[in-house]
Amino acid sequence: MTLETLSPELAPTLAVELGLKLDEYEKIVDILGRVPSLTELYMYSLMWSEHCSYKHSRKALRMFPTQGDHVLQGPGENAGVIDVGDGWAVAFKMESHNHPSAIEPYQGAATGVGGIIRDIFTMGARPVASLDSLRFGTLDTPRQRYLFEGAVAGIGGYGNCLGVPTVGGEVYFEEAYEGNCLINAMALGLMRKENLTRAVAAGPGNLVLLIGSTTGRDGIGGASTLASQEFDEKAEDKRPSVQVGDPFEEKLLIEACLELLDAKLLVALGDLGAAGLTSSASEMASRGGVGLDIDVTKVPQREDAMMPFEIMVSESQERMLAVVTPENLAASQAVCKKWGLLSTVIGTVTDTGRFVVREGETVVADMPAATLAHDAPVYDPAMERPAYLAEVQAFDPMTLEHPHTREALSATLLELLASPNICSRHWIWEQYDHQVMLNTVVLPGGDAAVLRIGDTGRGEMSERGIAVSADCNGRYCYLDPYTGAQIAFVEAARNVACTGGRPAAITDCLNFGNPEKPEVFWTFHQSVKGLADACTAFGVPVVSGNVSFYNESFGQAIYPTPTVGLVGVLDYVDDHCTMEFKAEGDAIVLLGRTRNELGGSEYLKVHHGMVAGRPPKVDLVDERLLTELVVTAIRTGIVRSAHDCAEGGLAVALAECCIAGGIGATVDAEGTLPAVAELFSESQGRIVVTVAPEHLGALKQLAATHGTPCTRIGTVGGDRLRIGTAADVSLTEMRDAYLPTLERLVHSDETLQSEELTDR
Amino acid sequence: MRFGVVTFPGSNCEQDVVHAVNHLGFDAGHIWHGDTDLSGYDAIVLPGGFSYGDYIRCGAVARFSPVMSEIVRYAEAGRPVIGICNGFQILTEAHMLPGALLRNRGLKFICKTVHLRAEESACRWLDVPAGTVLRVPINHNEGNYICDDETLARMRENGQIVLRYCEPDGTLAEGGGAPNGALDDIAGICNERGNVFGLMPHPERATDPMSGGTDGAHFFTAIARRVAEVAS
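Chains as they are written, first to last, in our numbering: chain A, 1 to 760; chain B, 761 to 992.
Honestly, I wouldn't trust all of these hints.
To give an idea of the chain A side of the interface with chain B (calculated C-beta under 10 Å), a few residues [what the hints assert, rightly or not]: (1) C161; (2) V335; (3) R425; (4) H426; (5) Q431; (6) H576.
Covered stretches of chain A, as calculated for chain B (at least 3 residues, CB under 8 Å) [to be verified]: (7) 243-255; (8) 714-722.
Keep in mind that the hints were calculated from the coordinates and are not lab data. Bear in mind the structure is a predicted one, so any value in this text is a computation, not a measurement. Yeah, the Cβ is synthetic: ideal placement off N, Cα and C, and Gly gets one too.
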């Protein structure tokens, strides 16, 4: 009896410890026709974890539309790929790294960026941009400041070193994320269409080549015990499950892998992410319908006496798995050597369909490869509408006492501009290299980032551009997950449209609590349905994505947070538009209509300390027409600026345009609604644009053909923002409220901070 | 006019420099750090990035790359060598320029566009009048320039201080306005001879109105003009 053999009594106990359920264990026994070995049990426990198998979400995700003429690769690969014209394709995906970041924010966030970037260049694309969607508790405790500061530093520390610009993102601070922060990293890559590569192993007799870092015990069980379970008081003990990143090694990997792909030396390429070698190899084999034979003693190790299972499931970072023909081995290894990277043949492709793992001569695992990747059970979790919904939705914000004098409303506007969820994010993005590669046309701080398409330095340029935005307001999703998910989509679409981008496709990162709780699963199901309906209404497919469950601590789930990463295309990047007011005398026009919708608003939270009511309504047809109108108006050069109305409503949107442009505005409040609603209602389907007075007629005509309400509400000029008789604030007051908030909050307790930094 | 742009493992602005130089109408080629042939290049640029991951100290490993001994010889011949950001750090580590670059005062990476004032200097690769204010992005974690008093005095005397961080109107902020805490607001320096020039800001990021403005063009056009003058 070797160490590898498990007794029929011990095996089920161990299976449960590794996160499997007993019936899942029975299924493994059925597949193998015997008790699994230690290595096999570990491999199944990882591959059948929620994180790797999507066993609770898989059925619901079928609601997403995934097809389109421009879709080159939909969900199921390392990243989705769309055709953006002129022979160019864009690969993109968003992924969560929530649990590692909650334990060690710097490394958790850094390796989140590293992982998503590997997914991009695995497809044959050069990574050209990344964005991050972040959620923390409010910044009034040292722990939240530590998480926030650490995550931002980690994202910068990794991305800056790689030379991939971090061009955008979003952040919210809410009590609901106190015990479980969210770090969602999105990356985009650019390639010529013909260079699209898939991770499909083929050709029995071909060699399996492991490229990059050595393998250690870091990150063992990261996908199962960390990512697929809730947090409790033992969370700190899981620190060894957090991987440590080496961005320099990853930079070398990017260059080496792109050089290998350019030279057509590889049959397949895949990255080692969650569940390490097990996941990468089994997915590659099952996609190709082949088998693999791997010898763990060949894997370069950074620690002594590693067990085969440890080598197979280690999540050591910065490693890639390639399949090469024997003829191309020498040339492939020469490229790796040039970049100072290890490359080692660790096995061969076979025609048996079996995944065999050896330790020298001894076979330690032997199973049908496809069963790891595809035979995980698929669940139909129970659903139940959460009891809290009836109560929060019944609340009518108009029953509250609202400010109504000009002084009080002006003060409320400044209060909102200084709110951590609205204020300027420059403290964050100034820590990120957002310009490297010279393609960032609209810098962070705008509605969406705009990138020029072209391979800078290699001489291939295009007139086209892409616009990208990541959005989700979890508060809306908490109050109504179906509508909230749609708002995440339409806000991303408006943001992209405001820069001139035509929405083309999305990726998503669906962050929820424990799916085994019927109330949590109901919110998940509703969100997916809402998002799917929005995508269908816009004709915009989902091409990649990620589900992150078990975002709970001490039994308390986060707000449902289905983050949308939307990519749009500009036919002529020269035509792009920005949000700032440009010129004295320009007419300010509101496209869309303000309703009395204060439910779930930032105003309600900041001024009354409440999260209640119904979120704003969404009309998908109107929203689609609005984005089409704005994109057309921008392309034809009618509008000079465009900015989406979101948190904080029309008043905050106007203030942001003033601050960005360094110029004031005089606006007439429309009148029929209470002043507080005119100013701060968060009605969807609204965009503020400016036009030269002589173009006002053309805009009105265009709006009429789209059926979009189009109202001139004011004029750009001066150094104050005056909104009817309701509000009157100076540029300086707005700047002083809007610009320094984050820096002030982060540094509100320097002493504690430096202590924590020393701890780290 | 042909610029040679060196790639160290971990460099990440080499493509940007080549692109900027091409955009300005000049030729450029890549030099691998392991190569030692600099023939055919009229100027050498050490680009920004994180050579060798900036492990140990920024530039501390890159200075030992095979290409560096050739670059020392190239500079000794009086030919143009520019180090941008990480390239500047490498030049100080290689003792081709005095002083050192420490971690930014606020302990944060900084990426933003700053104002720079051209000083009266010996540098031959910048041809704007002293006092000219330029807008160029910075992007670094270690740009806090430092040297001893004696070196600073000597640099002032020799006109080795080329660029200083300043206010939009060209004045220097009271008590130091360098975003990274640099001594004397120093953003760029040259050697005594004026042919080796290191600067923290990224001129290649300001050569195109669509992305970053055009003030960075001066740095490349000046070299091209001087090289042409010498040749004729």
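Among the hints numbered above, which are violated by the structure, and what are their numbers in rising order? Violated: hints 2, 3, 8.
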